[in-house]
Amino acid sequence: MSQNHLNPHTNNGMAQYDAHGIWMPELSMGEFRELTELLGLHLGFRFPDSKQKLVAARLASRLRDLGLVSYHDYWLLLRRPEEKTELQRAIDLVTTNETSFFREPSHFDFLRDELIPPLAKQGRPVRIWSAACSTGQEPYSIAMTLAESLGMHADWQVLATDISERVLAHARHGLYAMHDADQISLELLKKYCLKGNGEYEGQFLIERALRNRVRFSQVNLMNAFDPELAHFDGVFLRNVMIYLESDRRDEMIERLKDRINPGGYLIVGQAESMAIKTSGFTLVQPSIYRRNS
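Taking UniProt numbering, the leading residue of the sequence shown gets 1, the next gets one more, and so forth.
Treat the hints with care, since some could be wrong.
To be verified - List of simulated lysine-lysine pairs, DSSO-like, C-alpha gap at most 27 Å:
#, residue 1, residue 2
1, K84, K51
2, K51, K121
3, K53, K84
4, K84, K195
Note that these hints are calculated values from the structure, not bench results.
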């Protein structure tokens, strides 16, 4: 049997396989804790023990690519001062979420039908923050919704942030595979996207005017916020709190509250509603909270 299918360095000498039948090393609890402690020094938080399998699956490919037989060996590599690039790659892998355009559509319906109209009637600018934007599908979905409701020349802004500069580079470019367009209506595709040809066959590009309405910036949500991160009418913070222990979730929500205008909204992932236990917000729909005045 090839080395790719049996690793004598696992705790029980038996192979483990991912969903595609590819061998992956076993991550012991001790290795998990030393890795997440190291990554946590840069992230500002440590993953709870319940995320052991997630971390193993996210990092297994790096061990295979580097020819390492254990996560302890990977930890030793990441500790080297000259391995900052690999450390950032590890951070990217464990924090980057799969995303899609108009994921959890009810959030965009709420943005269009409930959040935007009162502000438009008052003639107020609209300011939305996509706080963990990943590769950009969320902020561009927000921008399309704002553009449709208010027009491209109205006073609105989307700020999109992420801890990973790698995913931000992808987001700024705005180039996606055609299958990523499945949740974008034909009308919006025609209006805000360009179909690729030649070397870009099978891809589409977010139209420049819309890309220019989204500002991308690298932000670690566990660090002190820049003063400009304030006065938002809505904050999308989806699929972030699943990584955090309860005290860190409460701390993050409390800090975000001060960045949202009174009467503004915090929108979280539909699996995360029960995580919001801090005072200062009122639940208005599942996973949508209004900041109290």
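Okay, the hints, checked on the actual structure:
For a cut-off of 27 Å, the pair hint linking K84 to K51 stands: about 24 Å separates their Cα positions. Simply put, K51 and K121 have alpha-carbon atoms about 45 Å apart, too far for the 27 Å limit, and the pair is violated. Under the criterion of a C-alpha separation no larger than 27 Å, the hint pairing K53 with K84 is consistent with the structure, at around 24 Å. At roughly 37 Å between alpha-carbon atoms, K84 and K195 are farther apart than 27 Å, so this suggested pair is violated.
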